[in-house]
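Number of protein chains: 2
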Amino acid sequence: MSDIPYKVYLSENEIPSAWYNVRADMKNKPAPLLNPGTGEALKAEDLMPIFCEELCKQEMNNDDKWIDIPGEVLDFYKMYRPSPLVRAYCLEKALGTPAHIYYKFEGNNTSGSHKLNSAIAQAYYAKKQGLKGVTTETGAGQWGTALSMATAYFGLDCQVYMVKVSYEQKPFRREVMRTYGATVTPSPSMTTNVGRKINEEFPGTDGSLGCAISEAVEAATSQEGYRYVLGSVLNQVLLHQSVIGLETKAALDKIGVKADMIIGCAGGGSNLGGLISPFVGEMLRGENQYEIIAVEPASCPSFTRGSYVYDFCDTGRVCPLAKMYTLGSNFMPAPNHAGGLRYHGMSSILSQLYADGYMKATSVKQTDVFAAAEQFARVEGILPAPESSHAIKVAIDEALKCKETGEAKNIVFGLTGTGYFDLVAYQKFNDGVMDDYIPTDDDIAKSLAQCPKF
Amino acid sequence: MSDIPYKVYLSENEIPSAWYNVRADMKNKPAPLLNPGTGEALKAEDLMPIFCEELCKQEMNNDDKWIDIPGEVLDFYKMYRPSPLVRAYCLEKALGTPAHIYYKFEGNNTSGSHKLNSAIAQAYYAKKQGLKGVTTETGAGQWGTALSMATAYFGLDCQVYMVKVSYEQKPFRREVMRTYGATVTPSPSMTTNVGRKINEEFPGTDGSLGCAISEAVEAATSQEGYRYVLGSVLNQVLLHQSVIGLETKAALDKIGVKADMIIGCAGGGSNLGGLISPFVGEMLRGENQYEIIAVEPASCPSFTRGSYVYDFCDTGRVCPLAKMYTLGSNFMPAPNHAGGLRYHGMSSILSQLYADGYMKATSVKQTDVFAAAEQFARVEGILPAPESSHAIKVAIDEALKCKETGEAKNIVFGLTGTGYFDLVAYQKFNDGVMDDYIPTDDDIAKSLAQCPKF
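Protein sequence lines, in the order shown, are assigned to chains A and B. Each residue of the first sequence is one higher than the one before, counting from 49 in the numbering used here. Each residue of the second sequence is one higher than the one before, counting from 49 in the numbering used here.
Honestly, the hints are just simulated from the structure, not real lab data. There's no promise every hint is true.
Note that identical chains are pooled: a pair holds if it fits in a single copy or bridges any two copies.
Stated by the list, open to error - Straight line, CA to CA, 25 Å or less: simulated SDA-like cross-link-like pairs of lysine to any residue:
#	residue 1	residue 2
1	Lys-55	Gly-203
2	Lys-55	Ile-303
3	Lys-302	Glu-88
4	Lys-476	Phe-220
5	Lys-141	Val-357
6	Lys-75	Glu-335
7	Lys-77	Asp-416
8	Lys-457	Tyr-274
9	Lys-413	Arg-226
10	Lys-302	Asp-51
11	Lys-451	Asp-112
12	Lys-180	Asn-478
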């Protein structure tokens with residue numbers, strides 16, 4: 049065994065002091081957001097009634113390569129960061145592979161995922177702006193939990209619209225949010241106009257993320273001192289999440305290892321975008337080469353089977369248009385258990401990078417993902433989130449290819465979180481009653497046909 | 049703010065290479081286990097049909113001060129240890145106290161608690177002895193989860209008897225165990241003689257820890273190549289858990305801090321005994337003084353309201369007799385949500401140390417504990433286990449005393465785990481419907497009257 053430890057920890061003063069804005073190094077910038085009514089490109093000011101001021105500026109900032117992390121955010125980061133870069137010695141041994149496998153583990157905090165990295169930044173800017181509180185939506189609950197922790201820390205009010213079916217089926221996620229002082233409302237609710245309207249049109253509906261977004265936006269804009277915040281897809285979120293990649297790069301440099309391959313799961317892109325950003329930056333500047341693989345569920349394959357076009361970000365069609373790989377905003381992903389990967393589109397930054405050939409993408413079946421998750425858990429100890437397990441599956445596949453070729457590749461993947469609130473899914477897998485869902489070409493074509501023409 | 053980081057991490061090669069056996073430094077040794085039939089002191093050999101050989105030796109070893117941690121166990125420790133010693137800067141600030149508060153956090157592993165420290169050791173010795181597998185009981189499920197992870201790692205079979213009411217109410221804990229390959233049987237079951245007998249006598253019973261122990265012991269002794277393992281109370285468990293205290297001491301030494309006060313929750317004693325062992329060792333050798341406080345639930349106050357006598361370790365009265373602070377083996381603790389602290393007795397080692405004046409004890413009410421837990425979570429981020437929150441409550445009280453006196457005491461407490469599987473309890477607290485349970489003097493006297501006379 050080498051002298052590389054199991055867990056490479058940076059010290060707290062090695063947490064990056066600035067986020068890296070990959071857009072500054074992109075020759076082809078991500079396409080701008082458009083006003084859905086006029087088709088015109090939006091300016092930061094246009095977004096300010098909805099989002100916090102500083103975050104609107106970050107959203108539009110394609111030029112500044114580094115953006116300082118505020119001291120108060122850094123202090124909070126120190127409670128759970130730097131996160132470890134783990135050498136998967138036990139997995140390597142179990143696979144019998146010559147590959148060296150590393151994973152950046154973001155699950156060692158109560159939110160259970162990397163979402164906290166952006167939640168605390170967004171809460172900070174809301175506080176700095178003098179707001180009373182923020183609103184958001186949550187599906188599976190990871191983002192809502194992270195935001196509740198962040199707002200509790202800064203003494204802000206937090207109103208979470210939780211998709212009704214999740215609210216009822218995931219009472220524990222809801223309870224964590226309440227413990228941190230958030231108000232959690234099942235959506236569609238009777239507290240907003242849009243909620244009442246949907247409840248009237250579709251009595252007894254289970255709700256959807258699209259509807260919850262619409263309610264959260266209405267709640268933000270109809271209350272004095274509130275703004276809406278979002279945990280993925282947006283450029284600002286990828287900016288904050290760059291802390292993952294910067295730490296990963298610093299830890300690899302510390303042990304003198306160059307990654308050959310970087311693998312991450314991709315839903316809206318918050319984790320993958322953060323993880324790969326400094327590595328892609330080197331590629332964009334012509335300094336280095338990496339093989340980057342985005343892994344998405346076969347049930348919601350926006351990179352591998354979607355189109356790169358302008359589309360609505362939400363099912364309710366109230367948000368700006370973004371150019372992205374999309375399956376169409378009407379696409380209803382099957383009930384896959386990786387809730388964080390059930391989004392019809394993809395970050396504009398990642399979409400542009402993918403279009404320009406800086407990364408590959410692959411899709412994997414749910415049952416294969418859970419088999420990989422279980423194999424990983426039994427040797428590496430950590431029970432992974434279903435989302436993260438998409439990356440595990442492909443990392444294992446790549447390590448097994450190395451076994452055939454004899455290559456000692458350095459494989460790095462993002463372990464975004466833990467599966468402690470996903471045990472209904474594990475139970476289905478353990479009981480052998482988990483399904484795989486793969487949309488037909490026709491499903492996707494129908495949904496894509498409804499994209500706006502810009 | 050001082051230059052002490054938020055989290056003091058030792059490096060992996062600073063994990064102790066030997067466990068510290070506090071019994072070697074005790075002038076008054078813990079009283080020996082007795083055969084319940086004859087009243088004679090048991091020898092290691094007497095225990096070997098039930099427990100693994102090496103563990104029986106460790107159980108009886110009052111002499112060797114240091115016992116080497118096997119390399120395979122150390123390798124596993126490196127996947128989740130050293131655990132951080134955290135400086136609670138945010139809690140200090142919220143309290144406005146001059147005290148410096150530190151906590152040793154054992155929750156950053158999938159079992160969610162310190163239980164894994166002993167589970168992996170016990171699984172290792174079972175493997176080394178060439179056994180096929182082990183059996184155990186679990187109530188709330190933390191020990192069962194830890195053991196499942198440990199047996200998965202060593203490729204051993206694991207049979208867990210889970211108290212029926214927990215099996216039904218905590219399906220997620222059960223599912224984690226299954227994911228790690230364990231067989232989980234609700235107890236009382238129809239798979240053992242004692243289970244069938246109890247089901248016949250008490251149709252529809254919810255089960256109890258005492259019954260689950262009896263079933264697990266029967267399963268171990270009636271199958272070729274199996275032994276029974278236990279996660280608390282025993283001397284061997286405190287030995288393995290000394291890794292907590294040794295790391296805590298090493299981390300404090302590293303930053304040049306001397307603890308004034310060490311606080312831990314106490315159920316069977318596995319965490320408290322491990323945390324304090326090297327500090328108590330210094331006291332026993334006359335090298336240093338510390339104020340040590342055991343915190344127990346008001347609903348199950350063995351130190352503060354029990355008697356120091358020989359008693360049965362289990363309700364079913366099949367196990368050896370131990371001399372300990374006890375409420376009587378018939379004592380039925382009220383349905384407190386800190387499942388890990390609902391034990392009628394206390395480790396023999398801790399009982400002797402308490403009798404000899406090396407530590408104090410105090411009891412706290414459940415609702416006060418959850419209020420402290422919530423206060424802690426909102427500023428320190430981590431959602432604590434109800435068990436751990438007993439220590440938080442007293443640490444906060446002591447820090448507030450320092451605020452009055454102006455003393456800058458160094459307060460160290462054990463944060464044994466996370467509350468991710470305890471959200472039913474948090475929900476009750478959040479809804480304002482949580483009760484406090486305090487046994488009457490009469491309840492305790494009645495139960496104590498049934499202790500055997502030795």
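In rising order, the numbers of the hints this structure does not comply with: 3, 5, 7, 8, 11
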